[in-house]
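Engineer: Guided by the hints, dock chain E onto chain U, whose structure is given.
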Amino acid sequence: MNPSADRIRAKFPAAFVRADVVWGETTVFVKPEHVFDVIQYLHDDPNEQYAYLSDVTAVEYRDLEQPLEVVWHLRSITFPAFIRIKAQMQKDKPLRVKSVWPIYKGADWLERECYDMFGIEFEGHPDLRRILMWEQYKEGFPLRKDFPLRGRFSRAEQLRQALAANPEARYSMEELQIADAFEDLPSDMRRRLLGGEETGE
Amino acid sequence: MGLAARPEHKVVSYAPESQEGWVTSRLDFLVNWARAGSLWPMPFGTACCAIEFMATAASRFDLSRFGMERMSFSPRQADVLICAGRVPFKLAPVIRRIWQQMPQPKWCISMGACASSGGMFDNYAVVQGIDTIIPVDVYVPGCPPRPEGLLYGIMMLQKKVMNERMSDQSIRNEMEPDPNSKLYIPPPVIDELSEPFGNSVHQTRSGL
Chain U
39 MNPSADRIRA KFPAAFVRAD VVWGETTVFV KPEHVFDVIQ YLHDDPNEQY AYLSDVTAVE
99 YRDLEQPLEV VWHLRSITFP AFIRIKAQMQ KDKPLRVKSV WPIYKGADWL ERECYDMFGI
159 EFEGHPDLRR ILMWEQYKEG FPLRKDFPLR GRFSRAEQLR QALAANPEAR YSMEELQIAD
219 AFEDLPSDMR RRLLGGEETG E
Chain E
22 MGLAARPEHK VVSYAPESQE GWVTSRLDFL VNWARAGSLW PMPFGTACCA IEFMATAASR
82 FDLSRFGMER MSFSPRQADV LICAGRVPFK LAPVIRRIWQ QMPQPKWCIS MGACASSGGM
142 FDNYAVVQGI DTIIPVDVYV PGCPPRPEGL LYGIMMLQKK VMNERMSDQS IRNEMEPDPN
202 SKLYIPPPVI DELSEPFGNS VHQTRSGL
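Top line first, the protein sequences correspond to chains U and E.
Residue numbering for the first sequence follows this note's numbering, starting at 39 and increasing by one per position.
Residue numbering for the second sequence follows this note's numbering, starting at 22 and increasing by one per position.
Extracted from the complex, chain E is given alone in its bound form:
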C-alpha cells in the first residue's frame, strides 16, 4: 500500500538461557510503546474527510491494527482528536472545548486540506486551519486524503509518540498566550508583518 516500514526499536536484551525471567527496557520506551499502540481516536468529522475516515476504520483498511478500533465519542476517554473536515467559525469554540476536555496526554491529527488550512473555503465562515485554535501534531494533506494517507499520518503520530521523553514535561504544558509577555505579538501586528504572503491566521491567496 505504499506505506513506509515501521521503525525498528531496539529494545530488549533478552537471552532466556542465561537470564531466566528477566527483561530490561527503558521506562520511556515501555510507556510510549503502550501509548502508541492504543491511541483512542475522538473522531470530529464534519465533511467528506469523515467518509474516508470511516473507510479507514472499516475492515478493508482496518484501523484496529493500530490499536485504534475503539472510537471514543466522548472526549474524556480519548487520546487523539482526528479533525476530518472543514471547521466553520461557529464550530470553533466547540472544537476548542472538546480539546480542553480531553485528558493529557493528547494528540491531534488534522485530516485534509480544509482542516489544515481552510482549503478552498477561503471565505467569511470557515476557520483557516484548526491550528489557529488547537495545537496539531500531524497534518494529513489531501482533498480528501485516501485511507492510506490517514494511515500514514497515524503511523507518523505513533513515531512521534515513541520519541517522547517522560522527563520532558514541557510538551504537556498548555499555555494561553500572555499579552504581558515581551515575546507576545498581537494578531493585527502579525497580520501586518506577514504581508503580502499571509500566515496561518491571515492568509493572502487571491486578490479578492
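Bound-form chain U, shown alone:
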C-alpha cells in the first residue's frame, strides 16, 4: 500500500472512501466533490510531490447498477511512487467533477478526451470541447455502455454529416492565432520564430 493513501485518510476524513491495492498499485476512492482538494494536496505537499498526471479517464461497468468511475493516475518523480484516485459518480445525477487543469496544465487534452468519450463535464476546464470526434458530432458519447457499437444514426446519415463538416472548423480561434501567443513562448522559440525559416539554400 502506498503510504500516501493513509495520509489522505488522515488529512481528508470526509473525502476518503476506501483504498485498494491491486497488483501492487494503490487505488484511493474519494468522493467526487473533494477530488480537487486531494489532488491539490498530492501535488503541493513536500512529502508527496506527485508532479506528473499521467492519465485522466473514466470506467463504466457492464453492470448498470455500478456507478461510473472517473480515474486520475498520478506519479511522483521525486519519490518514485504511483497512485490512482477514483471518484464514483452516480449515473442518475449530472456527471460533473471539478477540473484539475489549474494544478496540471497537461490535464487539458486528457479531460477533453474523457468528456468526448464519456460525457463527464469538468468544471473549470478552460476549453471543454470534443477532441477525438468532430465538434458537431451529435450521436452521444461513444464509450458509454448505452451507446450502440455502430452509432445511433444510419451509415448514410453519418456519412452525410461527416462530409458536411468543414475540415478547418475544428480549430478554435486560440489555435489559429499563434501570433497572439508569441509573448508567452519560451525565449529560444521566440528567437527562432523572429529569425524566420531557414530554407537550407
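Take the hints with a grain of salt, since some may be wrong.
Claimed, not checked - With a Cα cut of at most 25 Å, we get these calculated DSS-like pairs of lysine-lysine:
#, chain 1, residue 1, chain 2, residue 2
1, U, LYS124, U, LYS143
2, U, LYS129, U, LYS69
3, U, LYS176, E, LYS111
4, E, LYS180, U, LYS183
5, U, LYS49, U, LYS124
6, U, LYS49, U, LYS136
Said to hold, decoys possible - Pulled from the structure, derived: some chain E residues nowhere near chain U, Cβ distances all over 10 Å:
#, residue
7, ARG47
8, TRP54
9, ARG56
10, MET75
11, PHE82
12, GLN98
13, ASP143
14, ASN144
15, ALA146
16, VAL157
17, GLY163
18, CYS164
19, MET183
20, SER188
21, ILE192
22, MET196
To be verified - Label pairs and their calculated CB-CB ranges:
#, chain 1, residue 1, chain 2, residue 2, range
23, U, PRO186, E, LEU214, 16 to 26 Å
24, U, LEU187, E, PRO198, 47 to 57 Å
25, E, PRO156, U, GLY162, 43 to 53 Å
26, E, LEU214, U, PHE191, 17 to 27 Å
27, E, GLU169, U, ILE115, 41 to 51 Å
28, U, PHE191, E, GLY66, 25 to 35 Å
29, U, PRO164, E, PRO198, 38 to 48 Å
30, E, PRO198, U, GLY178, 27 to 37 Å
It should be emphasised that the hints constitute simulated quantities derived from the structure, not laboratory data.
Note that the structure is predicted; figures quoted are calculated from it, not measured.
We put the beta carbon where it would ideally sit given N, CA and C, even for glycine.
Structural biologist: Structure of chain E alone, referenced to chain U:
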C-alpha cells in the same frame, strides 16, 4: 513473384529498312502509354497498410519500375490517390478535398480491407469503404496486402489506363448526385431496399 505477365500491346508497324524515319501509332495508345508509365502516387497512408506501401516503394520491390518513384505529397501534382489504411469519419471531408484537389486525369487505388470496406472496424467511427466518398478504380484486398498485392493492383490500374479512349470523355465527368433526377434514390431508401444484406453505405454483417 507470382505476377501476371504484362499485356502485349501491338503497336507499331516499323520497318526501318523500308520506312526510314517513320513510326505510326494510335494517339490513344501513345497518350495512355505515357500516362500509365508515369503515374505519380499521392500516398494517403493512415494505418499499417502504409507500412506495406513504404516497403513497396523501397528498393526490394521498387515502385520506380512502374514510373511511380516520385511520391507526390501534394495532391495537385499527383495522378493516383493510394488510400492505405482505415479512414475515420473525421477524415472523410479531408480525403474528399484531397481528391477534389487532384487534377484530371486521376485514379484511385483503395489498398487493404479497411479502405475498401471498413474491414474489421464495423463501428461508429470508421467509413465503411472509401468508395462511399470518392470513386475507386482498383481495390487491393488484404490485411494488409503484401507488396506483391499492391504491385498487382498497380499493374491492373496500368492496364485500365491503357484501355482508355480519348474520345470517351464520360469517364472524366465528375458528377454530384442530383436529388431532382428521376434516377436518384435517397440513401435511406437504399438502406431499406438492401436489407438484410446491406450495401457499401450500410453494411449488415453482424447482429450488433
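Engineer: Indicate, hint by hint, whether the structure satisfies it.
Structural biologist: Comparing the hints with the structure gives:
1. Distance check on the hinted pair: LYS124 of chain U and LYS143 of chain U sit about 20 Å apart at the alpha-carbon level, within 25 Å; holds.
2. Simply put, LYS129 of chain U and LYS69 of chain U have alpha-carbon atoms about 14 Å apart, close enough for the 25 Å limit, and the pair holds.
3. Among the hinted pairs, LYS176 of chain U with LYS111 of chain E is consistent with the structure: their alpha-carbon atoms are about 13 Å apart, no more than 25 Å.
4. For the given pair, LYS180 of chain E sits about 49 Å from LYS183 of chain U by alpha-carbon distance, which is inconsistent with the 25 Å threshold.
5. Straight-line distance between C-alpha atoms of LYS49 of chain U and LYS124 of chain U comes to about 17 Å, which keeps the hinted pair within the 25 Å bound.
6. Taking the CA atoms of LYS49 of chain U and LYS136 of chain U, the gap is about 20 Å. The hint holds against a cut of 25 Å.
7. Every Cβ of chain U is farther than 10 Å from the Cβ of ARG47 of chain E; the closest lies at roughly 40 Å, confirming the non-interface assignment.
8. The beta carbon of TRP54 of chain E is kept farther than 10 Å from every beta carbon of chain U, the shortest such distance being approximately 36 Å.
9. Distance to chain U confirms ARG56 of chain E as a non-interface residue, since its nearest Cβ pair spans about 29 Å, more than 10 Å.
10. No beta-carbon of chain U is positioned within 10 Å of the beta-carbon of MET75 of chain E; the least distance is around 24 Å.
11. The beta carbon of PHE82 of chain E is kept farther than 10 Å from every beta carbon of chain U, the shortest such distance being approximately 31 Å.
12. The beta carbon of GLN98 of chain E is kept farther than 10 Å from every beta carbon of chain U, the shortest such distance being approximately 19 Å.
13. Remark: the non-interface label on ASP143 of chain E conflicts with the geometry, its nearest Cβ contact in chain U lying 7 Å away (cut-off 10 Å).
14. A Cβ of chain U approaches the Cβ of ASN144 of chain E within 10 Å, the least distance being about 5 Å, so the stated non-interface status is violated.
15. Distance check on ALA146 of chain E: its Cβ comes as close as 7 Å (rounded) to a Cβ of chain U, failing to clear the 10 Å threshold; non-interface status is violated.
16. Every C-beta of chain U lies more than 10 Å from that of VAL157 of chain E, the closest at about 15 Å, which supports listing it as non-interface.
17. Once the 10 Å rule is applied to beta carbons, GLY163 of chain E is consistent with being away from chain U; the minimum gap is 24 Å.
18. Residue placement check: CYS164 of chain E keeps its beta carbon more than 10 Å from all beta carbons of chain U (closest about 20 Å).
19. Against the 10 Å criterion, MET183 of chain E stays outside the reach of chain U, whose nearest CB is about 33 Å from its own CB.
20. With a least CB separation of 33 Å from chain U, SER188 of chain E remains clear of the 10 Å interface cut-off, as annotated.
21. Residue placement check: ILE192 of chain E keeps its beta carbon more than 10 Å from all beta carbons of chain U (closest about 23 Å).
22. Every C-beta of chain U lies more than 10 Å from that of MET196 of chain E, the closest at about 16 Å, which supports listing it as non-interface.
23. Judged by the Cβ atoms, the range 16 to 26 Å given for PRO186 of chain U and LEU214 of chain E holds: they are separated by roughly 22 Å.
24. Remark: the range hint 47 to 57 Å for LEU187 of chain U to PRO198 of chain E is contradicted by a beta-carbon distance near 28 Å.
25. In this structure, PRO156 of chain E and GLY162 of chain U meet the distance hint of 43 to 53 Å, their C-beta atoms being roughly 48 Å apart.
26. For LEU214 of chain E paired with PHE191 of chain U, a C-beta distance near 18 Å keeps the hint of 17 to 27 Å intact.
27. At roughly 49 Å, the beta carbons of GLU169 of chain E and ILE115 of chain U sit within the given window of 41 to 51 Å.
28. Between PHE191 of chain U and GLY66 of chain E the beta carbons are some 28 Å apart, a value that agrees with the proposed interval 25 to 35 Å.
29. At roughly 42 Å, the beta-carbon separation of PRO164 of chain U and PRO198 of chain E lies within the given 38 to 48 Å, and the hint holds.
30. Separation of PRO198 of chain E from GLY178 of chain U is about 29 Å and conforms to the stated range, judged on CB atoms against 27 to 37 Å.
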